[in-house]
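Protein chains: 2
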Amino acid sequence: MKEEESNVTPWEVSGKLDYDKVIKEFGVEKISEELQKRLEKITGKNFMLDRKIFFAHRDLKWLLDEYDKGNKFFIYTGRSPSGSIHLGHLMTWQFTKFLQDAFDAELWFQFPDEEKFLFKKDLNYEDTQKYLEENMLDVIALGFNPKKTHFIIDTKHADLLYPEACKVAKKITFSMVKSSFGLNDSSNIGQIFYTSMQAVPAFLPSVIKKKNIPCLIPHAVDQDPHFRLTRDILPKLGHYKPASIQCSFLPPLTGNSGKMSSSKEDYAIYTIDSPKEVERKIKKYAFSGGKDTLEEHRRHGGNPDIDISFQYLKYMFEPDDKKLREIYESYKSGAMTSGELKQITINKINEFLKEHQKKRIASKSRIKDFIYKKD
Amino acid sequence: MKEEESNVTPWEVSGKLDYDKVIKEFGVEKISEELQKRLEKITGKNFMLDRKIFFAHRDLKWLLDEYDKGNKFFIYTGRSPSGSIHLGHLMTWQFTKFLQDAFDAELWFQFPDEEKFLFKKDLNYEDTQKYLEENMLDVIALGFNPKKTHFIIDTKHADLLYPEACKVAKKITFSMVKSSFGLNDSSNIGQIFYTSMQAVPAFLPSVIKKKNIPCLIPHAVDQDPHFRLTRDILPKLGHYKPASIQCSFLPPLTGNSGKMSSSKEDYAIYTIDSPKEVERKIKKYAFSGGKDTLEEHRRHGGNPDIDISFQYLKYMFEPDDKKLREIYESYKSGAMTSGELKQITINKINEFLKEHQKKRIASKSRIKDFIYKKD
Numbered sequence: 001m002k003e004e005e006s007n008v009t010p011w012e013v014s015g016k017l018d019y020d021k022v023i024k025e026f027g028v029e030k031i032s033e034e035l036q037k038r039l040e041k042i043t044g045k046n047f048m049l050d051r052k053i054f055f056a057h058r059d060l061k062w063l064l065d066e067y068d069k070g071n072k073f074f075i076y077t078g079r080s081p082s083g084s085i086h087l088g089h090l091m092t093w094q095f096t097k098f099l100q101d102a103f104d105a106e107l108w109f110q111f112p113d114e115e116k117f118l119f120k121k122d123l124n125y126e127d128t129q130k131y132l133e134e135n136m137l138d139v140i141a142l143g144f145n146p147k148k149t150h151f152i153i154d155t156k157h158a159d160l161l162y163p164e165a166c167k168v169a170k171k172i173t174f175s176m177v178k179s180s181f182g183l184n185d186s187s188n189i190g191q192i193f194y195t196s197m198q199a200v201p202a203f204l205p206s207v208i209k210k211k212n213i214p215c216l217i218p219h220a221v222d223q224d225p226h227f228r229l230t231r232d233i234l235p236k237l238g239h240y241k242p243a244s245i246q247c248s249f250l251p252p253l254t255g256n257s258g259k260m261s262s263s264k265e266d267y268a269i270y271t272i273d274s275p276k277e278v279e280r281k282i283k284k285y286a287f288s289g290g291k292d293t294l295e296e297h298r299r300h301g302g303n304p305d306i307d308i309s310f311q312y313l314k315y316m317f318e319p320d321d322k323k324l325r326e327i328y329e330s331y332k333s334g335a336m337t338s339g340e341l342k343q344i345t346i347n348k349i350n351e352f353l354k355e356h357q358k359k360r361i362a363s364k365s366r367i368k369d370f371i372y373k374k375d
Numbered sequence: 001m002k003e004e005e006s007n008v009t010p011w012e013v014s015g016k017l018d019y020d021k022v023i024k025e026f027g028v029e030k031i032s033e034e035l036q037k038r039l040e041k042i043t044g045k046n047f048m049l050d051r052k053i054f055f056a057h058r059d060l061k062w063l064l065d066e067y068d069k070g071n072k073f074f075i076y077t078g079r080s081p082s083g084s085i086h087l088g089h090l091m092t093w094q095f096t097k098f099l100q101d102a103f104d105a106e107l108w109f110q111f112p113d114e115e116k117f118l119f120k121k122d123l124n125y126e127d128t129q130k131y132l133e134e135n136m137l138d139v140i141a142l143g144f145n146p147k148k149t150h151f152i153i154d155t156k157h158a159d160l161l162y163p164e165a166c167k168v169a170k171k172i173t174f175s176m177v178k179s180s181f182g183l184n185d186s187s188n189i190g191q192i193f194y195t196s197m198q199a200v201p202a203f204l205p206s207v208i209k210k211k212n213i214p215c216l217i218p219h220a221v222d223q224d225p226h227f228r229l230t231r232d233i234l235p236k237l238g239h240y241k242p243a244s245i246q247c248s249f250l251p252p253l254t255g256n257s258g259k260m261s262s263s264k265e266d267y268a269i270y271t272i273d274s275p276k277e278v279e280r281k282i283k284k285y286a287f288s289g290g291k292d293t294l295e296e297h298r299r300h301g302g303n304p305d306i307d308i309s310f311q312y313l314k315y316m317f318e319p320d321d322k323k324l325r326e327i328y329e330s331y332k333s334g335a336m337t338s339g340e341l342k343q344i345t346i347n348k349i350n351e352f353l354k355e356h357q358k359k360r361i362a363s364k365s366r367i368k369d370f371i372y373k374k375d
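Listed in order, the protein sequences are those of chains A and B. Here the first sequence is numbered in the working numbering, starting from 1 and rising by one per residue. Here the second sequence is numbered in the working numbering, starting from 1 and rising by one per residue.
Honestly, the hints are just simulated from the structure, not real lab data. Please read these numbers as outputs of a predicted model, since none were measured by experiment. Treat the hints loosely; a few may be bogus.
[Stated by the list, open to error] Below, simulated DMTMM-like cross-link-like pairs (lysine to aspartate or glutamate); rule was C-alpha separation at most 20 angstroms, straight line:
(1) 171(A) to 265(B)
(2) 236(B) to 126(A)
(3) 236(A) to 127(B)
(4) 291(A) to 305(A)
(5) 156(A) to 369(A)
(6) 41(B) to 127(B)
(7) 52(B) to 18(B)
(8) 178(B) to 351(A)
(9) 171(B) to 126(A)
(10) 374(A) to 159(B)
(11) 171(A) to 18(B)
[What the hints assert, rightly or not] Chain B is nowhere near these chain A residues, computed Cβ spacing over 10 angstroms in every case:
(12) 53
(13) 182
(14) 190
(15) 266
(16) 319
(17) 333
(18) 364
For each residue, glycine too, the CB sits at the ideal point set by N, CA and C.
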């Protein structure tokens, strides 16, 4: 594959991403200025919206129309356990928490603990279960409201999910999953069935509460093929099509290609990384937009748009537009060196992780409050 | 399809069945005289074995070796709810009860209440659930020991089954189910996944009791493709290959082709049929081996081997070999008319159903005693 070519599927994101191309190929809509303003009227400002990190959607206008009519929606997002949580995961969930708070919405958080087991040859079932426990801690640590947040674990709640998944599955042929996910005759039959399990939380609250409730799914754009299929099927079962709001990927340390991913361990920053580890990774791997020598840098300035330390500030760690702008200008002018920029990012990440790690440990006793219990 | 050609898959049995061909094609073993004797030493005589109604097996010798060593097995059979129970179903379960009693074995009885929903276009989920309740009554009415019999319902026990089914599914590719079940790209993804759910009860007791326990599956030979696949996979997951003992099909009223099946309502006798209904069906449809006129019949005699009323006596309703032989000879000689033979069968079936229907109604309050409860 040439470096310029990109590939975005639920299981692989590679290459330099052209989000306009993704919008066109996936058939999602860009969030217009008008729609953003309408959203902000209810939620207040959010830098992830403002900076186009959440940049695309499906049926968001319809969802807000329903909301205005008093037809409240629930939020559905999830995490497929297969490794430790990195910053790329947290980004989506921080925005999800913002939405939950702003709309006072119920959140159904799915942990499809069979997905990666089915898709990764060498991942065994027991390890997936260990990651499940670990991953739940990170979600809880972000401060979701336990009264309004329900963890749905595919294997544990299969008695709720599987019957509904069968109803979805009856409407999906192998041809459809072949074209949506690039599966083939060598795919295992668990992989083939899987998308019907991922569809269920988009209407499970409607089934439980015996009324049709709109659903909003905040997710990274690579998951869109699942929900595109889900949107085709759900009206056939008498449910609303779920709306979605989609974000781009937090880039890996190595540069603006692909996404931060657990498959390249040293190129991701995990929530359990020590301050020293964060420092080492940023200093060693974070792709720099600076010039080769200090002299050149001072003269010509750096390029913040390709600088990963700057990107992390923009995506997650410097919500203040004014401060971000100052760093941008200072780096671009050459006044700020790459070393200085990296140090700002290291400090910001470590500040955040110090708190997060405390909350994470405190979350151990709270898991049971979040796991959905049937009445 | 020519009338002589037969087709045996888990979803279709048609044509005139050549069981020797089925044995060869499926790769099962005929139950030898020696093996039958060894079995009878433990169980005592059984007319279904003696008359080769249960005629084939896989690994039965191994199972008895283990039994002799003190390694007891459990029995697994099942019923996929999609309609009322007919005599063909009862036949297998009567033999299953005989085995349970003879070996004092635990029985795990699966109700895969999603299977027919997934495979029958017009069957809806709610109707399947109604049949599930109805079907359980028939099983209970046969007198299984509730202390040793556990009903496993796919949708209700999915929290137990689905995680294990995923482990099975990871080892089965689409190519494998294509060749085993004749599925194709237009098959829905629930159908494709389904065989992994059917595999689970063959090792679920081993998972629950945390030790490897041999399994015996009594079933009609058309289900063999499921268990052949199951037998390939289970050793890869550390479990025994399940042994099986397989029966031929109770023929439909119309003659010795295919099997009694709910898809042709008037050609099957249901456990809820009234005495009048049984009489009507046998008189109207039961294929007769008699001659066209009484005079001819008296002179040349009838053919009990193709006479369906006689077959029902042989398969289910006249366990006494001596009496069966008398009827055989009498009919063959022409002394017994088709009308008389039909009347014997009608009386036998109605006698049985009168008791069965009483027990069936009394079973309503007992369903909860049979549904498996986790500790």
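Verification of the supplied hints:
no. : hint             : result
1   : 171(A) to 265(B) : violated, 28 angstroms
2   : 236(B) to 126(A) : holds, 16 angstroms
3   : 236(A) to 127(B) : holds, 18 angstroms
4   : 291(A) to 305(A) : holds, 13 angstroms
5   : 156(A) to 369(A) : holds, 15 angstroms
6   : 41(B) to 127(B)  : violated, 44 angstroms
7   : 52(B) to 18(B)   : holds, 13 angstroms
8   : 178(B) to 351(A) : violated, 55 angstroms
9   : 171(B) to 126(A) : holds, 17 angstroms
10  : 374(A) to 159(B) : holds, 13 angstroms
11  : 171(A) to 18(B)  : violated, 37 angstroms
12  : 53               : holds, 33 angstroms
13  : 182              : holds, 13 angstroms
14  : 190              : violated, 3 angstroms
15  : 266              : holds, 29 angstroms
16  : 319              : holds, 40 angstroms
17  : 333              : holds, 55 angstroms
18  : 364              : holds, 23 angstroms
The structure shown violates the earlier hints numbered 1, 6, 8, 11, 14.
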